[in-house]
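Asks: As you go down the protein sequences, you meet chains P, E and U in turn.
Numbering (this note's numbering) for the first sequence: 196 to 665.
Numbering (this note's numbering) for the second sequence: 196 to 665.
Numbering (this note's numbering) for the third sequence: 196 to 665.
For the record, the hints were derived by calculation from the structure and aren't laboratory data.
Take these hints with a grain of salt, some might be off.
[As the list claims (entries may be wrong)] Derived coverage of chain E by chain U (criterion: at least 3 residues anywhere in the stretch with Cβ under 8 Å from a Cβ of chain U; other residues may be distant):
# : region
1 : 220-234
2 : 257-270
3 : 451-463
[Unchecked claim] Restricting the straight-line Cα-Cα distance to at most 27 Å, the calculated cross-link-like pairs of lysine-lysine (DSS-like) are:
# : chain 1 : residue 1 : chain 2 : residue 2
4 : E       : Lys521    : E       : Lys247
5 : P       : Lys490    : P       : Lys521
6 : E       : Lys521    : U       : Lys521
7 : U       : Lys536    : E       : Lys521
8 : P       : Lys521    : E       : Lys247
9 : P       : Lys521    : P       : Lys247
Note that beta-carbon positions come from the ideal geometry of N, C-alpha and C, so glycine has one too.
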Amino acid sequence: MATPLDLNPDRLFPADPTTRGIARTLYKEIGALPIVSPHGHTDPTWFATDAKWENATTLLLAPDHYVFRMLYSQGVALDDLAIPRRGGVPATDPRAAWRVFAGNYHLFRGTPSRMWLDHVFAEVFGFDVRLDAGTADLYYDTITDALASDAYRPRALFDRFRIDFLATTEGAHDRLDAHHAIRASGWGGRVVTTYRPDGVIDVEHEQFAGALATFAELTGEDVHSWSGYLAAHRKRRADFRAAGATATDHGHPTARTANLSTAECEALFARIVGGTWDADDAELFRAQMLTEMAKMSVEDGMVMQIHPGSFRNHNAGLFASHGRDKGADIPLRTEYVQALKPMLDVVGTERDLTIILFTLDESVYARELAPLAGHYPCLKLGPAWWFHDSPEGMRRFRELTTETAGFYNTVGFNDDTRAFLSIPARHDVARRVDCAFLARLVAEHRIEDWEAVELAHELTSGLVRRAYRL
Amino acid sequence: MATPLDLNPDRLFPADPTTRGIARTLYKEIGALPIVSPHGHTDPTWFATDAKWENATTLLLAPDHYVFRMLYSQGVALDDLAIPRRGGVPATDPRAAWRVFAGNYHLFRGTPSRMWLDHVFAEVFGFDVRLDAGTADLYYDTITDALASDAYRPRALFDRFRIDFLATTEGAHDRLDAHHAIRASGWGGRVVTTYRPDGVIDVEHEQFAGALATFAELTGEDVHSWSGYLAAHRKRRADFRAAGATATDHGHPTARTANLSTAECEALFARIVGGTWDADDAELFRAQMLTEMAKMSVEDGMVMQIHPGSFRNHNAGLFASHGRDKGADIPLRTEYVQALKPMLDVVGTERDLTIILFTLDESVYARELAPLAGHYPCLKLGPAWWFHDSPEGMRRFRELTTETAGFYNTVGFNDDTRAFLSIPARHDVARRVDCAFLARLVAEHRIEDWEAVELAHELTSGLVRRAYRL
Amino acid sequence: MATPLDLNPDRLFPADPTTRGIARTLYKEIGALPIVSPHGHTDPTWFATDAKWENATTLLLAPDHYVFRMLYSQGVALDDLAIPRRGGVPATDPRAAWRVFAGNYHLFRGTPSRMWLDHVFAEVFGFDVRLDAGTADLYYDTITDALASDAYRPRALFDRFRIDFLATTEGAHDRLDAHHAIRASGWGGRVVTTYRPDGVIDVEHEQFAGALATFAELTGEDVHSWSGYLAAHRKRRADFRAAGATATDHGHPTARTANLSTAECEALFARIVGGTWDADDAELFRAQMLTEMAKMSVEDGMVMQIHPGSFRNHNAGLFASHGRDKGADIPLRTEYVQALKPMLDVVGTERDLTIILFTLDESVYARELAPLAGHYPCLKLGPAWWFHDSPEGMRRFRELTTETAGFYNTVGFNDDTRAFLSIPARHDVARRVDCAFLARLVAEHRIEDWEAVELAHELTSGLVRRAYRL
């Protein structure tokens with residue numbers, strides 16, 4: 196027998212009645228505000244073509260590494276989840292994959308994925324029974340049928356979700372065709388790109404050479420000389436700004452930065468493009484490029500985002516069989532204080548520069564990031580990220596950073612997602628957790644109730660818009 | 196005047212009435228379930244001989260390093276606690292030691308030792324006044340008298356505690372006489388061994404040579420050749436399985452693993468047994484042996500437990516005077532992501548292998564262990580361990596791991612104790628803390644009440660039995 | 196319109212009514228006890244001369260790096276806050292600076308600075324409206340007027356604050372003139388010094404040579420020989436003890452200690468004073484000197500305080516323009532277990548020695564510091580320090596240390612402040628947070644109510660007085 200699915204209006208609020216009452220009041224203020232999503236990884240082609248999605252599995256299961264990593268960890272084969280092998284086709288039909296997912300849905304108890312998915316099921320598709328083995332087909336058919344209707348096309352959902360701003364992320368070697376098509380279409384949705392140059396910076400990535408060739412082609416610069424390479428970045432940053440971008444994004448293994456002389460840069464770059472680099476060179480080049488990007492941000496006003504600390508594709512067997520982005524990225528201990536100093540020696544006192552720092556290593560929140568952001572004018576704290584974008588993770592972020600960095604050195608919420616349908620769910624969780632945190636401060640007489648209202652608006656909207664210069 | 200000792204039925208439940216009510220309901224479901232103890236260090240001789248224990252001090256004080264480390268830290272001499280010096284006899288009579296302990300019992304306020312001891316005093320010995328200087332003799336006499344009765348023999352207490360399964364731990368060079376005697380006795384208690392080969396793997400341990408000699412004798416293998424040494428492990432693992440073992444246990448200084456070629460292994464092993472090793476060799480050999488043990492677990496199905504990160508015998512003066520295991524083991528920062536990769540490159544995608552990871556470094560829960568266990572099919576998270584086997588420690592474990600690894604990649608509770616009488620107390624604390632955590636999730640509408648009931652059973656029994664293959 | 200300022204009597208107590216009730220009862224017991232401040236950085240000249248302070252800005256804003264770092268982080272120029280440049284004068288008049296501060300006071304929401312300042316404003320100056328742009332001049336004038344009255348001279352406030360004991364900190368090369376003047380004045384306030392020899396130990400400090408010259412002059416020892424240098428320390432420690440000091444204080448970049456032979460010490464020292472040292476020598480010399488200081492503490496009974504882990508003056512641009520101590524000190528990851536072993540090998544089992552350990556790296560509380568302090572007789576845990584001297588920081592300190600180290604291996608609260616007026620506010624926050632923590636233990640039946648009363652007194656007074664030998 197199916198069990199009811201019912202999103203409780205008090206979910207994520209503390210049980211204590213006084214605190215819950217305050218949280219409710221705060222949430223009433225900001226729960227329905229439009230969504231500002233300044234950092235994410237949705238596919239701009241969706242909004243360019245407004246094509247219908249195909250079925251429940253290809254939309255909700257196969258692309259979501261949060262979901263299939265958990266199933267894989269419990270012994271489910273990716274083949275049984277319709278996850279394609281390298282260059283191959285899914286080994287299972289999508290309905291069979293959905294049934295496997297549904298039959299294992301209890302594994303997500305206590306995880307944010309469960310909360311996001313239930314929100315999508317209830318709010319986007321109108322389910323009032325829970326997903327389980329018994330309702331697998333009902334879910335699959337209902338979702339797949341809905342996706343065939345116009346109301347579930349990307350642009351319709353964008354409007355229904357009340358998204359005010361949505362940033363995607365493209366590589367420095369991306370032609371931005373989808374973004375140009377969005378603009379040319381006359382559609383009013385604000386979907387803009389973000390400049391992510393990792394592909395032409397990380398020489399250890401297997402596609403570096405190809406990316407660099409495209410980078411040369413798109414800019415007409417001699418990207419094999421240091422000065423030409425920098426000029427190419429400047430051109431592409433301008434292209435991205437012309438397509439609406441206000442920010443850059445940098446996903447490096449570490450937070451290391453460098454401050455080399457021009458001669459040293461030229462010598463290093465010659466080894467990088469000459470193919471004579473070693474791992475230390477690759478790391479040093481990424482480090483120097485963060486400083487170069489910061490200097491360009493001083494010039495052109497783009498907000499810089501640094502996301503270090505992930506060991507990519509940790510599972511060698513899975514990487515061989517299924518390739519990248521299969522839920523096998525694992526956080527590493529990450530140091531910021533020594534690592535960022537070379538860059539900060541160059542740009543640290545710039546008051547018109549904004550660098551947003553993220554981490555997968557919560558031990559640095561109170562020790563390193565809050566003290567840095569609570570001092571340097573150019574530094575701000577990005578929200579709890581990836582594995583920590585969860586009720587407990589967001590609570591720890593506030594508890595560990597607020598006392599040293601305050602609220603005003605933070606930048607609101609990022610959903611950081613490829614899962615378009617989960618965007619409202621993710622913002623809703625963040626808003627509820629922020630209201631719960633503020634409610635505790637009010638209940639303990641650490642701030643006044645009217646201050647909490649102001650702060651709730653800031654965390655939901657004001658800080659985001661100002662930090663990302665929207 | 197003595198103060199009352201009264202175990203409150205709501206202890207460890209949150210004060211908020213709604214949450215406490217839910218916790219009570221959950222605890223009613225599982226509080227009285229039989230104990231499954233898959234990892235611990237009780238002495239199997241107790242159950243083989245069923246001999247009576249001698250007195251309160253030799254049973255409860257002198258062997259418990261949790262207890263005497265705290266007294267020592269406050270300036271009490273170990274001599275005054277009847278802790279023997281190297282090769283010597285206790286400097287104090289047991290009653291005098293007990294009085295010192297009783298007079299300092301306030302030092303344990305806020306510690307799990309206090310909670311476990313009070314549970315033992317109230318539930319096992321029936322005390323209704325607290326231990327202090329004034330009740331020291333009452334306690335000593337009552338306990339010592341009780342121990343002289345048949346009702347307090349090991350097997351009687353085993354039954355009274357409703358222990359369904361109890362694992363002990365023996366070295367690879369142990370003859371398993373006690374376990375054979377238990378089986379031969381016809382007693383029905385399920386007490387089984389665990390294969391802990393550290394003594395024949397850690398060449399830096401002062402008793403390595405002797406252990407290796409016994410290992411050779413017991414297996415008839417040429418343990419000075421790499422292939423013979425591995426064959427000896429296989430034989431002994433089979434001996435342990437024949438004695439009921441389902442698991443192995445590995446307590447290394449770090450989590451490092453290695454994946455050397457056979458030729459490299461042979462060369463390294465030649466240095467180890469040839470006495471020409473250095474500290475790097477010793478570490479590399481331990482690292483390689485974790486991978487070898489994992490490969491043997493793939494063959495024979497034994498569950499592998501890895502417990503890294505303790506600096507043993509940190510206090511040089513105390514080690515000189517009193518020897519090992521005197522409460523001077525201190526946790527170290529421990530890295531897992533890089534460390535485990537060589538082993539995982541070999542066995543990571545095995546779906547029938549189970550490796551349970553423990554840590555003394557809580558900073559890795561959310562950053563490293565939960566992401567690893569939330570991805571790799573073979574990895575599971577052991578419970579909060581040693582210093583962290585405490586109400587706050589267990590709460591942090593759940594808060595820091597659940598959102599990424601879920602509940603189903605954990606393995607229930609381990610009491611990990613030498614203190615047999617405290618086993619029910621320790622399981623009771625764990626059950627209460629789990630119920631409190633689940634109650635908060637229910638109160639905040641993050642899971643349903645019926646899901647919490649299922650999970651409470653899983654954490655107490657289902658996950659333990661499945662993970663340890665009982 | 197001005198908003199009311201009203202210090203709620205229940206501030207910082209948990210919202211749950213049961214727990215709050217217990218916290219209130221505990222706070223009634225200890226909230227009004229005299230202040231014991233064994234570690235801080237107020238200026239003894241204030242108490243020697245009893246001169247009036249000048250105005251609100253020079254007393255409350257310009258010297259407080261907690262305050263101006265936050266304003267600076269949000270783009271306010273230090274020039275606009277009346278913070279002097281190197282050798283220069285403030286670029287702004289104090290009233291203008293105060294207005295900038297007032298207009299940005301919302302930035303401090305959720306920080307301890309806000310809580311301390313509001314306490315000072317309400318309790319010391321009697322304000323009943325909040326500081327903001329509209330009340331900036333009212334605040335400036337009221338405070339500045341008050342400071343012109345005798346009731347606001349340092350000694351009068353010392354009495355009004357009910358300070359029972361106040362330690363300041365002076366360098367090994369300080370003449371202690373202010374302390375001698377306090378004693379000579381016949382004033383009854385207990386203000387004593389603390390021996391902080393960093394200036395003559397840290398050869399990397401730019402003023403080392405000058406400090407060493409004064410050190411020689413004050414002691415008459417040949418401070419360029421190892422034995423003379425040690426003798427000079429002994430003399431100055433005696434001078435400090437004669438001036439009332441009971442403690443030493445050591446602020447090193449790391450917790451590293453060393454245990455060199457005399458010959459090695461002599462060779463190292465020759466490089467230090469001969470100017471042929473490198474960074475490794477500087478670090479090794481600091482390490483060795485911690486062990487030397489510990490040995491002298493065994494001789495003379497002075498309590499030793501070790502505060503490692505701050506990267507000083509991280510902002511190169513600001514250091515160039517404004518010099519040291521401008522809010523740019525950033526915590527570093529800090530290791531204790533390996534670092535302290537050489538020193539502990541020498542003094543670890545001394546039962547009459549007290550070494551108090553502090554950290555800016557909270558990840559070591561549960562992993563390293565609590566296990567060390569819960570074992571070694573000579574080690575105690577200092578309170579949550581600097582960035583962590585805050586409600587959440589102090590709560591984490593108790594939650595992370597109590598279960599392993601207990602309460603009795605801690606030493607009560609340190610305000611550690613230069614901001615004299617904030618001392619009552621800081622102690623009040625600490626007392627409230629401790630009462631809240633104890634109340635939770637009582638509400639969850641982990642300790643008895645009468646034990647919590649005893650512990651509240653210990654944390655506020657008993658442990659402080661005993662640890663610092665007052």
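Asks: Look at each hint and say if it fits the structure.
Replies: Results of checking the hints against the structure:
{"no.": "1", "hint": "220-234", "verdict": "violated (count 0)"}
{"no.": "2", "hint": "257-270", "verdict": "holds (count 6)"}
{"no.": "3", "hint": "451-463", "verdict": "violated (count 0)"}
{"no.": "4", "hint": "Lys521(E) with Lys247(E)", "verdict": "holds, 25 Å"}
{"no.": "5", "hint": "Lys490(P) with Lys521(P)", "verdict": "violated, 34 Å"}
{"no.": "6", "hint": "Lys521(E) with Lys521(U)", "verdict": "violated, 46 Å"}
{"no.": "7", "hint": "Lys536(U) with Lys521(E)", "verdict": "holds, 17 Å"}
{"no.": "8", "hint": "Lys521(P) with Lys247(E)", "verdict": "violated, 57 Å"}
{"no.": "9", "hint": "Lys521(P) with Lys247(P)", "verdict": "holds, 25 Å"}
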